[in-house]
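Student: Please build the complete structure, drawing on both the sequences and the hints.
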Amino acid sequence: MALNIKVGPIGLLDMLKFANLDKDRDKVINAAPAKEITANFPINNFAKSQHPDYQKFVIDEIIDHTSAGAKTFVLKRADGKTASYFRAGQYISLKLPIGDSVVSRPYSISSSPKWAFEGKVAVTVKTNPGGFAADWMLTNFKVGDEVIGSEGLGNFCYESYRDANHVIALAGGSGITPFLSMAYAIRDGIEDFKLTILFGSRNEEAILFKKEFDEICAVTDKVKVVHVLSNEEKEGYEHGFITAELIQKYAGNEPYSIFICGPEAMYRFVQKEVVKLQLDKKYVRQEFLGATKTVWEQPGYPKEAKDKVFKLTVKQGDKEIVCDCNANEPILVAVERAGIKAPSRCRAGECGWCRSRVISGEVFVPEETDGRRWADKQSSEIHPCASFALSDLTIVVPGEYF
Amino acid sequence: MAKFDIVIVGAGNAGISAAVTCAAQGKKTLLIDQHNLPGGCASSFIRGRFEFDPSVHEIADYGPENNKGSVRLMMERNGINVDWITVPECYRCISTYSDGTPMDVTMPCGREAFIDAMEKYVPGSRKSVTDFFDLMLEVNAAQEYMMDGTPNDSKYMQKHFPNVLRTCGYNTLKVLKAMKMPEKAIEIMSVYWPYLGMPLDQINFFHYINMMNVYVERQAVIPHHTSHQISMAFMNRFYELGGEAWFNCRAEEFLFDGDKVCGVRTSLGIVECDQVLANINPDIIYAKMMPKELVPEREKKLFAARNQNYSTKFAMVYMALNKPIEEIGIKDYCIFFQGSADSRREYENMKKLDNDYNILISYNTLIPDFSPEGTSVISFTKLFSKSDEWSKIKPEDYYKVKDRMIAKCIDDVKRRLGIDLTPYIEEVEVATPMTFARYLGTPEGTPYGYELPEWDSMLARMMDINKNFPIKGLRHIGAASFRGDGYSSTWLNGDVCAQLACKDLEEGGTN
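Line by line, the protein sequences give chains A and B. Using my numbering, you'd call the opening residue of the first sequence number 1 and step up by one each time. Using my numbering, you'd call the opening residue of the second sequence number 1 and step up by one each time.
In case anyone wonders, no lab produced these hints; they're calculated from the structure. Treat the hints loosely; a few may be bogus.
Capping the alpha-carbon separation at 35 Å, the derived lysine-lysine pairs in DSBU-like fashion look like this [stated by the list, open to error]:
| hint | chain 1 | residue 1 | chain 2 | residue 2 |
| --- | --- | --- | --- | --- |
| 1 | B | K260 | A | K114 |
| 2 | B | K352 | A | K282 |
| 3 | B | K260 | B | K174 |
| 4 | A | K222 | A | K120 |
| 5 | B | K260 | A | K315 |
| 6 | B | K3 | A | K311 |
| 7 | A | K249 | A | K222 |
| 8 | A | K120 | A | K95 |
Here chain B is said to cover these stretches of chain A; the calculated rule only asks that three of the stretch's residues, wherever they fall, bring their Cβ under 8 Å from a Cβ of chain B [stated by the list, open to error]:
| hint | region |
| --- | --- |
| 9 | 30-36 |
| 10 | 152-165 |
| 11 | 221-230 |
| 12 | 370-377 |
| 13 | 389-401 |
These numbers were taken from a predicted model, which means no experiment stands behind them. Backbone N, C-alpha and C fix where the C-beta goes; we use that ideal spot for every residue, glycine too.
Tutor: Spelled out as structure tokens, the structure:
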């Protein structure tokens, strides 16, 4: 071969250097002191403190919003540490010990992110028909009780490089909570954007956080709240529902982003109104819809499965549990009812934390809440919080750390 | 109690690859991971109507039908099928040469095209760059000879691979200079250096030329549907072969029978086993997951010698744009933006949070349906070398730092390509070293392993593989193992270690 490359002046030494790579490495290692091996890294500690396996809270205070049928639970870290910092608009997943089960529920945080430094977060729970966990909390929770919760989760937050500087929030019922947190964050100088909230309530008396918003609006002109009363006509309030015209009335001429949070019926209504505004998708953001309560009405659902009860085999580690699974409810509900501690967070099919594998059996995944990854859809992976059994099933669920 | 032949801890690239190899050899295999997904970095996440790839740039060593690389051979052997897309060009790099003149080069794949392009950018470089590619052939042959599992005969090597023996003991910069490669050509040649995490004056020449071979000659590939598609291809094959996987399952401690590992205590219970493949940084194992008195002295010295120089940290910015990539005006799949083409200077600058280094990946240039019609997805990779700037960030400032990363990326594209992305951003997400630390659990969140300085090169680590595994019944796999980091290296490392563990099992021996 014509090629003749030498790095050092004498090629032979180069060869020796190659042959000795291993010995030279040994020399470096042997010359070093035998040091106790440690693995303690600030970056990892940061990650752990902001994304702990779970946070143990005690209920520090309960604020009763009687006329709105709601209560705010102020949760404080049981260990006295600061709570994981969160972004206004995020939710927390609470693990509720109901009967022999641990049931998870996502609740938007209603307090200022600033509270995290005092170890506190607040969630506001409103009674709703058939709201099994909400009613349980409203009835049972008392000051001093312990509650397990997640860190702040979700992406229903303002992002200055994506959203318009003017956010028009469309809120209904307890869907106001993330916007209260955002309003506090603006007041506290944590977030910087203009927030106009169109807040639908039945009547003046049923308005949640009226006083809190009045106080915030008194100290910052970046937050404005427009109450829209469906069942009452009153001076100083809008009447009716949140329509495209109403949004335009308060939008002004600047570009705006729309953020939507509320009960399912409200989503269905305002979505149609928002379409009329012909906004680019980028300017419309919506909090999770939640898994459907009437799966049999979903397009493509095989009607014969409705009301059936199937046998569900759940594997977790080397444990195996067999239980009933009602076709009308998400598979996750059956797993929880069987007393299995399985992971779940958003309960809306979106976050993927409950991601599990189907070993055998058929499931139905409603398209509008199918938040699975592309490859998971091609495989046997499901999000049990928004998947429904169509036959006897065997699934593998991940572990849970709390 | 659960009992398996082999337990693999950590379902990252090395773990899933090892898992398939073990199961394919009929071993009762358990794969566990502390997260709820396989793949580690090779994953995906969803924001709005978009699915993002957290980490992939270009996958090396797959290769075309007529020049199959190690990754392809391993995947074919193990029955892993992915619809790959070939990356047609090596890279575009926009930078400044160390003499202060601006650089904007696009380097094609294939030896002749690469040499021609280099001659166009740096007249007079043809001879040395041709020599480089000739040497590459010798390196390939030597590598094949050295890795075929038979003992190496030094006489044979001296006769057949003299140039390899004379160059591969040195760092890359030294060899390229000895080859009389013009400085500008060296700087163009060095664009890939961050993939190995070390500047040219440290990274071993054998390692570097090997990387150039797999990128330039074999061409890179990317998966059609994010890295999660690859990880699921491994997982589905693993399940098909009878393997079992437990997710959200943390290994807490390795259990010993005398001085040999005999099991793992996990958050889902104790698992007995004969062999462990640990896809965990060894320092974490030694510090937290086994009895201190069983930690070998040499490992303590190695720890001291390495001085906790974990390799590159990443911050990623992911953007979904509400316009097709052609309308945005980005044409290249992969563009490197550098502050300086001098890798040493750039490495030093990477200690700073606000450094100028950035890699722009534009998926839709190669995969039109990567995102919904009328949209496109891009990602930015910012790299950081060892410093404590990330360590000092407070929780309340964390999101501001994330926004700073976004601002920097927008500014880079504006400055370097003259394109303003701001009107098009439909989704944006940022992953920092903290994010990687959260999902990977690696030291300082590095997706890589230990740095690869001259004395601790891949080649030096590989000359006596068993020295890397001083704990009986346990082999370190993954980015911190002997082969170094990156998708391909870790898949291959997992596969090799799995084969060694299977062999131990069959022969009743231990490493």
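Student: It remains to establish, for every hint, whether it holds in the given structure.
Tutor: Hint-by-hint comparison with the structure:
For a cut-off of 35 Å, the pair hint linking K260 of chain B to K114 of chain A is broken: about 50 Å separates their Cα positions. Distance check on the hinted pair: K352 of chain B and K282 of chain A sit about 33 Å apart at the alpha-carbon level, within 35 Å; holds. Taking the CA atoms of K260 of chain B and K174 of chain B, the gap is about 43 Å. The hint is violated against a cut of 35 Å. A distance of roughly 25 Å separates the Cα atoms of K222 of chain A and K120 of chain A; the hinted pair therefore holds under the 35 Å criterion.
Simply put, K260 of chain B and K315 of chain A have alpha-carbon atoms about 30 Å apart, close enough for the 35 Å limit, and the pair holds. Between K3 of chain B and K311 of chain A the CA atoms are separated by roughly 28 Å; this keeps the pair inside 35 Å, and the hint holds. A distance of roughly 17 Å separates the Cα atoms of K249 of chain A and K222 of chain A; the hinted pair therefore holds under the 35 Å criterion. Under the criterion of a C-alpha separation no larger than 35 Å, the hint pairing K120 of chain A with K95 of chain A is consistent with the structure, at around 17 Å.
With 7 residues having a Cβ less than 8 Å from any Cβ of chain B, the region 30-36 of chain A passes the three-residue criterion, so the hint holds. With a cut-off of 8 Å between beta carbons, the region 152-165 of chain A has 5 residues touching chain B; three or more are needed, and the interface restraint holds. Counting residues of the region 221-230 of chain A whose CB falls under 8 Å from any CB of chain B gives 0; the rule of at least 3 is not met. For the region 370-377 of chain A, the stated coverage by chain B is satisfied: 5 residues place a CB nearer than 8 Å to a CB of that chain, which reaches the threshold of 3.
Interface restraint, the region 389-401 of chain A with chain B: holds (5 residues with C-beta to C-beta distance below 8 Å; minimum three).
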